[in-house]
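Colleague: This is what each chain is made of:
Number of protein chains: 2
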Amino acid sequence: MTKDLWSDNYASRANGLSASEVRALFAVVSRPEVVSLAGGMPFVPALPKERMIESFNTLMADRSNLALQYSGGQGDPILREHIREIMGLEGIKSNVDDIVITTGSQHGLDLVSSLFLDPGDVVLAEGPSYVGALGVFRARQAHIEHVYTDLEGISPEALNSTIERVQAAGKKIKFLYLVPNFANPSGVTLSANRRAKVLEICRKHHILVLEDNVYGLLYFEDRAPDALRSLDEDGVIYLGSFSKILVPGFRVGYVLAPPSIREKLVLANESAVLCPSAFSQMMISEYLSNNDWKAQIEVFRGEYKQRRNAAQAAMKEFLPDLTTTNPGGGFYLWVDLPKEINSKTMLPRAVENLVAYTPGTAFYGNGTGQEYLRISYSYPTPENIRVGVQRLAKTINEELSTVKG
Amino acid sequence: MTKDLWSDNYASRANGLSASEVRALFAVVSRPEVVSLAGGMPFVPALPKERMIESFNTLMADRSNLALQYSGGQGDPILREHIREIMGLEGIKSNVDDIVITTGSQHGLDLVSSLFLDPGDVVLAEGPSYVGALGVFRARQAHIEHVYTDLEGISPEALNSTIERVQAAGKKIKFLYLVPNFANPSGVTLSANRRAKVLEICRKHHILVLEDNVYGLLYFEDRAPDALRSLDEDGVIYLGSFSKILVPGFRVGYVLAPPSIREKLVLANESAVLCPSAFSQMMISEYLSNNDWKAQIEVFRGEYKQRRNAAQAAMKEFLPDLTTTNPGGGFYLWVDLPKEINSKTMLPRAVENLVAYTPGTAFYGNGTGQEYLRISYSYPTPENIRVGVQRLAKTINEELSTVKG
Chain F
43 MTKDLWSDNY ASRANGLSAS EVRALFAVVS RPEVVSLAGG MPFVPALPKE
93 RMIESFNTLM ADRSNLALQY SGGQGDPILR EHIREIMGLE GIKSNVDDIV
143 ITTGSQHGLD LVSSLFLDPG DVVLAEGPSY VGALGVFRAR QAHIEHVYTD
193 LEGISPEALN STIERVQAAG KKIKFLYLVP NFANPSGVTL SANRRAKVLE
243 ICRKHHILVL EDNVYGLLYF EDRAPDALRS LDEDGVIYLG SFSKILVPGF
293 RVGYVLAPPS IREKLVLANE SAVLCPSAFS QMMISEYLSN NDWKAQIEVF
343 RGEYKQRRNA AQAAMKEFLP DLTTTNPGGG FYLWVDLPKE INSKTMLPRA
393 VENLVAYTPG TAFYGNGTGQ EYLRISYSYP TPENIRVGVQ RLAKTINEEL
443 STVKG
Chain H
43 MTKDLWSDNY ASRANGLSAS EVRALFAVVS RPEVVSLAGG MPFVPALPKE
93 RMIESFNTLM ADRSNLALQY SGGQGDPILR EHIREIMGLE GIKSNVDDIV
143 ITTGSQHGLD LVSSLFLDPG DVVLAEGPSY VGALGVFRAR QAHIEHVYTD
193 LEGISPEALN STIERVQAAG KKIKFLYLVP NFANPSGVTL SANRRAKVLE
243 ICRKHHILVL EDNVYGLLYF EDRAPDALRS LDEDGVIYLG SFSKILVPGF
293 RVGYVLAPPS IREKLVLANE SAVLCPSAFS QMMISEYLSN NDWKAQIEVF
343 RGEYKQRRNA AQAAMKEFLP DLTTTNPGGG FYLWVDLPKE INSKTMLPRA
393 VENLVAYTPG TAFYGNGTGQ EYLRISYSYP TPENIRVGVQ RLAKTINEEL
443 STVKG
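Same order as they appear, the protein sequences are chains F and H. Residues 43 to 447 (our numbering) make up the first sequence, in order. Residues 43 to 447 (our numbering) make up the second sequence, in order.
Hints in this document: simulated from the structure, not taken from any laboratory. Among the hints, erroneous ones may be present.
Pairs involving identical chains hold if they fit within one copy or between any two copies, as the list cannot separate such chains.
[Claimed, not checked] With a straight-line Cα cutoff of 30 Å, these simulated BS3-like cross-link-like pairs (lysine-lysine) come out:
(1) 214 to 45
(2) 45 to 246
(3) 239 to 45
(4) 347 to 135
(5) 246 to 214
(6) 214 to 239
(7) 45 to 135
(8) 213 to 45
(9) 239 to 213
(10) 436 to 347
(11) 91 to 347
(12) 446 to 386
These numbers come from a predicted model, not from an experiment.
Taking the hints into account, I'd like the entire structure generated from these sequences.
Modeller: What follows is the structure, given as C-alpha cells:
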C-alpha cells in the first residue's frame, strides 16, 4: 500500500466508504469454474438484441443529434411518459413533472440521501436490507437502524417501537428505506395489510418513506400488492429502474417524488452529472415505443421463475434441513444456516469448492447476519444453480463436521 | 409553489443547491428564433454517425451481453488503455490502474469533492471559474476563494498570497481547482512558465491540485503546454472527458488520481452509481479502436476555429470598443463590458433582441462578475454567431443609452 500524501485532507465522510463484501467477491466469481450465486446480475442473454438494434437504427436515423448531445437534468419527457405508464402497472398515479431520471436507481438513492442525510441522522431499514443502500447511508455518515422483518415483510409493531425508541433518544429519523417487493436480499414481499399500517405509522411520526421497487414487475405467480406510493403521494419517494426489467448496461433509473423534493432532486442531479445520458434514455424510450415490452418482462418472469424453482428444488435435494424464504418474484433466496456456521468465514471454503454466495453480514449495518446467506439465482442456468447448491451443501456439511469436531 | 411537508427534514447541504444562471436560460434559448451564445454545447452534427453505427453493430455482434450488463466500478480496462493514450498527447505518463471512469467529468468533480470537502472548507479557483464546478463546491458547503487570473491564467503571486491569507485565517484549503487550457469561461490558457510556479507553490503549502482539462485537445493553432499532471504525479488529480472531443450524450469522463485517492474514488463511484454505463464505455472504446479518432478531433478543431474566428470578427465589426480574451482553443470568449453595464440585468433585454449569453456573475462564487459576459461560439453556425453578436451589440448600445440617459 502506497503512503497517502493526502491522508490529512479527506472529508470526514470519506472514512464511511468501504469495499462491500459483495464487491470483494467480484474477482473470484468471474473465474468460469466457479458457480456464482453471489451477484444479482440480470439474465441479459434473454434480451431481444435484434429489437434493440432496430431501436438504435431508428434513433440514429431520426434523432442522432439529440441522442448524442447534452440534455436536460430532469430527463427525457417521452421516457418519463413511459415511466408513468410502467408505474401505473403497480397502482401509481403520477405526473410526469414529478419524475426525475437518474443514472440507475443507485444514483437515485445517492441523490435522495444527499438531500436528506446529515452525519448522525438515523435511517430505518428492513433487517436484512440492500447492501448498496446501506453503503450509501454509511457514506453519508448516517446511523442505520434495522427493524424486525419476517416473511410478511417489515413488522409494523417493531417499526412503531423502533421509531419511539430512536426519537426518545433524541435522534432524528430522516426516512424509512424499504424494498417492499421480492426484496433484496430476503425475497420477501410486504403484505397489503402491512403496507397500510406502515404508512399510517410513518405519517403519525412524520417519517418519510423511501420505496425502492426495482423487482416489483418480476413476479412469478401473483403480482405484488399495489406500491406504497399508490397509497400516499406526499409521504413516499419512489425509486424504480430499467436495470432489472430491461437492461442494466444503460444505467437508467427513476425517482418519483413530491414536487418540493423533486425540485431539489433535479438540482442535485444536475450538480452531480449535468444530465443523465440522452443516448441511454432515448434508446430505452425508442424500444418501449415500438416493442411489446410487457411481453419482454413476461419472458424475464419465465426465466427467473425457472431459476427460482431450480434453486428451491436443489435446496430441498441437498440441504433439506435448512429453512429458506419462498420468493414470489425477483432474484434472491435467503437461507437460514445452522447456528454453528458463520457465513462470512465460511465463504473462502465455499470458493475452494467452486461456489460463491453473499454472506448475510453484507446486508446488516451493524455486523450481524452471520447466520444467513443470500443465494442469487438470477443469472446461472438452472443446471448450474443445482451444481452450485450441491457445492454449497458440501461446504456447509464440511463446515459442520469441522465445527462439531 | 406547493407547501413542502418535509422542509424540516432536509440535510443542511440541501440549502446549497440552487438553479444556476445558465440553467435558467435553457427554456428561453431553445426557441429557434433566439441565437444562443449561452450554453457550451459541442457541435455534434460533425460526428461521424456512420462510423458510430458501425461501432454499435460490431459491439452488438461481438459483446452485446457484456455491453448490456452491469460492469466494474472503476470502468472498462480497454477504454482505460485508450484514455492512457489520449492523456499521453498532453505529456501525461499514467498507469491504467490509476484511471477511474465516471459519468461525465462532472461526476468526477462531484466524486472528488465528496472525498475532500467538509462544510466550511476552502476551495481555491480561478476568477472566473466553471459554473458547474462552483455549483458542486457550493453543494458541499465549501467556501470558494477566487484567485486573480489574467490572460496568462491564474497568477502565481496572487495564488501564494491567497493561500497565506486563508491559512492565516485558520481555514483549511482542500484543493486548487483549475481549467488550465482554453478555460471555461475565459478562454485563457495557463502559460508553461506559470504551470511550474503554480505547482511549486501548491507543493510548498501542501495544496492538492484538481486539473480539469476537457478542452485541451481542441486547440486552434499551438497545442497547450503539457498538463500539470505531467509535471507532478502525486499532487494533481486530473479530470478528462469524452464530451468535448467525441460525444457528450454518452456521459463518459475520467479521473486520473494518485493511487491512495484513486482507491477511494472507485468506492465513491460504486456507492454513487454501482458502475458507469458498460454500453457507453464500450461504444466509445469500439469507436476508438477502429477509427482515426485523432482525425476526428482535427475535424472538431476546424469547426471550432472557424466559429472562434466568426465570433472575433463579429466583435470587431459590431463592438470594436470592447476587450475580449483571445482563445487559442475551446468554446468560449470572455467579454469585458463598459462599467455602466450589468450583464445579469441586461440579459432579459438581450433575449427580447433574440440573443442569449451567460452573465459573468455565473462564474464567480461571490456575486461579482456583472461587468463580464461569456460568449459560447461552439454550437451556432458562423453566420448565426455574426447575427448573435450584432444583436448583442444592439442590446449593449441600447443599454448604454438608457443608463447614460
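Colleague: If a hint holds in the structure, say so; if it does not, say that too.
Modeller: Now for the hints, and whether the structure bears them out:
| no. | hint | verdict |
| --- | --- | --- |
| 1 | 214 to 45 | between (38 Å within a copy, 22 Å between copies) |
| 2 | 45 to 246 | between (51 Å within a copy, 19 Å between copies) |
| 3 | 239 to 45 | between (53 Å within a copy, 25 Å between copies) |
| 4 | 347 to 135 | within (29 Å within a copy, 50 Å between copies) |
| 5 | 246 to 214 | within (15 Å within a copy, 43 Å between copies) |
| 6 | 214 to 239 | within (21 Å within a copy, 48 Å between copies) |
| 7 | 45 to 135 | between (54 Å within a copy, 20 Å between copies) |
| 8 | 213 to 45 | between (38 Å within a copy, 25 Å between copies) |
| 9 | 239 to 213 | within (23 Å within a copy, 50 Å between copies) |
| 10 | 436 to 347 | within (25 Å within a copy, 68 Å between copies) |
| 11 | 91 to 347 | within (22 Å within a copy, 41 Å between copies) |
| 12 | 446 to 386 | within (18 Å within a copy, 77 Å between copies) |
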